Amino acid sequence: MVGCTAQEILTMTHKSPLVIIGAGPAGLAAADVAGRLGIDTIVLDDQKSAGGQIYRGLSDIGDNLLKVLGPEYKSGRELVSGLEHASVTWKPQATVWQITEDGTVYYSDPTGSSYLQSEQVILATGALERPMPFPGWTLPGVMTAGGIQIALKTAGLTPEGEFVLVGSGPLLLLLTRQVLNAGGKITALIETTPRQNSFRALKYFPGMLKSRELLRSGIQLTGVIRKHGIPHYRHASSLTAVGKEKVEGLQFRSGGRMHELGCSVLGIHIGVVPNIQISRHLNLSHDWQPVQHCWYPRTGPCGETELSWLRIAGDGRGIFGAKAAELQGTLAAWSAIVSLDKTDQSGAKEMIQITKEKLLPLSSARPFIDCLYAPSQEFLTPADETIVCRCEEVSAGDIRSYVDLGCTGPNQTKSFGRPGMGPCQGRYCGLVVSELIADQRQVPVSEVGYYRIRPPIKPVTLAELASLHKQGM
Amino acid sequence: MASVFRFSRSINRDTRLVSIQFENQVIEAREGETIAAALLANGIDFTRKTPVNGQARAPFCMVGTCFECLMEVDQIPNLQACMIEVQEGMVVGRMYGPRNPDDDT
Amino acid sequence: MESEFAIVGGGILGISIAWGLQRIGRDVMVIDEGDFAFRASRGNFGLVWVQGKGDGLPDYTRWTLRSASLWPDFADELEDTTGIKLELSQPGGIDFCLSNDEAENAVARLSGIRDSLSIDYPFEYIENTELRKLTPEIGPDVVGGTYCPKDGHVNPLYLLRALYTDFQSRGGRVVNGVSVDKIKQENSGFRLSGGVEMFAQKVVLCAGLGNRKLGEMVGLNVPVEPNRGQIMICERVIPFMRYPSVQIRQVGEGAVQIGDSKENVGFDDRTSPEVISRIARRAIKIYPLLSHLRTIRTWAALRVMSPDGFPIYQQSDAHPGAYVVTCHSGITLAAIHALVLTRWIGGEDQPKNLESFSGKRFSI
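Chains as they are written, first to last, in the numbering used here: chain A, 1 to 473; chain B, 474 to 578; chain C, 579 to 942.
Among these hints, one or two may not hold up.
Listed below are the simulated BS3-like cross-link pairs for lysine-lysine, each with C-alpha atoms no more than 27 Å apart in a straight line [unchecked claim]:
1. B/Lys-522 / C/Lys-711
2. C/Lys-930 / C/Lys-711
3. A/Lys-227 / A/Lys-244
4. A/Lys-244 / B/Lys-522
5. A/Lys-15 / A/Lys-342
Now the in silico label distances, taken between C-beta atoms and shown as ranges [as the list claims (entries may be wrong)]:
6. A/Gly-397 / C/Arg-748: 14 to 24 Å
7. B/Gln-494 / A/Val-224: 17 to 27 Å
8. A/Lys-74 / B/Leu-490: 46 to 56 Å
9. A/Gly-397 / C/Pro-718: 47 to 57 Å
10. C/Ser-936 / A/Thr-111: 55 to 65 Å
Facing chain B, according to a computed beta carbon distance under 7 Å, are these residues of chain C, among others [stated by the list, open to error]:
11. Ile-662
12. Glu-813
13. Val-815
14. Ile-816
15. Phe-818
16. Arg-820
17. Gly-832
What the hints contain is simulated information worked out from the structure, not anything from laboratory work. Note that the coordinates shown come from a computational prediction; the quantities given were computed from them, not determined experimentally. Note that beta-carbon positions come from the ideal geometry of N, C-alpha and C, so glycine has one too.
Construct the entire structure; sequences and hints are all you get.
Right, here's the structure in full:
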């Protein structure tokens, strides 16, 4: 039933036992489980093709690009077939903008807004790149490493001219390799991982050793960088992107002195964090992760949440990577199916047990990676002149001044100066604003909290909102 | 001195060539790519001026999260250029500050 | 912590009172809750509104009119001292009517208010064709509207920030993240506690819905109830809307704000798609061009409503020195609260007919 139109869905009484939001590894794996059992399922994703950002563009990729992106990317191919089951309806370009506490899912697609009533929902909305604010990061030409990777995956593009990559984390290194494979040039790789992270991470190294695959690809990457003779700076700090109308260079400190490199594209990255917009707007509990410096929604072993009909799977639940996301999607699906009471319960419980066991080794490397790539303090509590809310152009200094006026949390600073009120709904400032307030107040971030996320999760026209009425609401 | 902010078509994708109109110039794009990608490949170095302080901004996240690539597409203002694929004859323009109230009617 | 006055509640009402008291030389401390408190000040619509206020209590109409006329000076003073532009504009406002019934009711209500007053109460009913000359973008479904030249709007969030900025730069103290749960009279004043202990000679309850419980501790009957209003805000648009209305206004930065609903749903400040959809439909009928605008955010906040909808200003008989100040028009009344009501609380002089607002009217 691939390519069902919105009108068809509308006439289908708006009901589906299972709704999956997000067609990345977790969502696709969940759809596959449901599809095999013939359970009516609707999969929504805001992109045109399935695969999530990790396997973006996979369905219509050419062999030459496939080679560039490497074997990990190719492994997503099988997953997409999860949508081919007869009982699974795939809805591309469908942006979920609200879920109410009775499990009704409101979404918008090119034909307008609509809603679905569901018995069970699996949220698989993945990760976002962590904001990496420093002076000048709003200049044209400064892009996230993930964004540059999407340009490569979907259009075969690599930056022309002087291209500098700065930050930390596995994705930064993976992009380095992919750009080089594609014949692109990299002017310099600048890692901002603080020196002390390596010492702190050391005790988790045995866990990393259990994950041979990760270790091998890490070693390979280092080799690739050396082979291409790319200038490689480490423990960099005090970043400033310079330029008038667009980025022209990067200033930074490394090895005890300041450097300035010219660049026309500056790729930045300091890891990924769960996309919690939907779980936040449902007022679910979230726990602060002091090492990863981000929030994880509170979930049970199969992704269960405080709402009996909602499970979360994949990186949206906590960052464990694509392979773990698949298994979590499987787990969440079996667990939802048990709740739906549509299958042999003991068989489902056995599948849950087997999947849990497979998941275990995949998390062994995480403590090491999380600790090694913990973000540097200068991006958590940036210098005063740094814009932290890109939409409303609110600086770190502004946030600090609102705290001095008496704001204790991000919802008060929002009232005082509009950070988080723009169209991105705080996706690119929320973590930073909370950190800044906590730092200024000298209290833990967990005490400061996060924005109250209000619907719509993505902007939706007044006409669409008004039209819900005609649909029998 | 730094060169222009532009992306190269390093990997040839064998999709159909399409022409889109960008602010009185015709630029070439490949079917299947987003407007934002096409603009990067054509060296269009900013996509909007902010309604707050008039700062120039350009595609940043490419996945629909940051809203920096808001553009006018076929007369509809404030659309995310990284979320829409190019189509032959599409007319794309930058956003300069806030939108007009009566556009898109 | 000690002070002459403790203001319990740091919303727009509390900070207006605190700022005004400090302005006449009092020593003031504001005690405010944390980030997740129910905050009407954070969710309100931003109108400085006269039209329709005081149906059933002429003194409230007069009080509102006087506040609206105090607003320009009040805003000027705050802008001068803080440099924060409050975006005050009082071009008059329109209440749109979408049916003849609505129009008749609106006119009857405003005429009734006018007839109950001895002072000038300007308003006129304008039919669609004439109304178009004032605001050309209205749609054919608008039968007409009542226009009152005294109405206006302001940026309520900048007002809040300006009051905080000025209050503190003049030495006012703010205690944050404290929920006062106990007030006890001692010989020379009141001991307040909520994790920390505070003492003040006088206490002013400005805690919104929290006043009900706090009032009992100092012999004040404050029968306030929550009333939910839902609001939505659209993307920024080049300024086009010349007049604010009860339903729609274009805010200073260009965004269009649309409200509102009145719902008795208890302490629930979530939004509901049904109500938001209804608000959207009505807004499109008033200004059809809004249909293409994108909604960036919706929210709900709880109004602080007394049984008759009017403010409660009262000093406790049993515990002199304890005051309650509560209303659901904290923005409109901010000027008169800050400049006039504080003279009464500060012991300087009492405004005429203040007893009309005593909470005693509810205790029969």
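Tested hints:
1. B/Lys-522 / C/Lys-711: Violated, at about 33 Å.
2. C/Lys-930 / C/Lys-711: 40 Å, violated
3. A/Lys-227 / A/Lys-244: Given pair A/Lys-227, A/Lys-244 is violated - Cα atoms ~35 Å apart, limit 27 Å.
4. A/Lys-244 / B/Lys-522: The hint holds at about 14 Å.
5. A/Lys-15 / A/Lys-342: At roughly 16 Å apart (the allowed maximum being 27 Å), A/Lys-342 and A/Lys-15 satisfy the hint.
6. A/Gly-397 / C/Arg-748: 14 to 24 Å: 22 Å, holds
7. B/Gln-494 / A/Val-224: 17 to 27 Å: Given a distance of about 41 Å, which is not inside 17 to 27 Å, the answer is violated.
8. A/Lys-74 / B/Leu-490: 46 to 56 Å: Violated, since A/Lys-74 and B/Leu-490 (Cβ atoms, about 27 Å apart) do not stay within the stated range.
9. A/Gly-397 / C/Pro-718: 47 to 57 Å: At 50 Å between Cβs, range holds.
10. C/Ser-936 / A/Thr-111: 55 to 65 Å: 58 Å, holds
11. Ile-662: 16 Å, violated
12. Glu-813: C/Glu-813 check passes; min Cβ-Cβ to chain B is 6 Å, inside 7 Å.
13. Val-815: The hint holds - C/Val-815 has a Cβ within 7 Å of chain B, the shortest such distance being about 5 Å.
14. Ile-816: 5 Å, holds
15. Phe-818: It holds, given that the least Cβ distance between C/Phe-818 and chain B is near 5 Å, below 7 Å.
16. Arg-820: 12 Å, violated
17. Gly-832: Holds. Min distance 5 Å.
Violation of the numbered hints given earlier is confined to hints 1, 2, 3, 7, 8, 11, 16; the remaining hints are satisfied by the structure.
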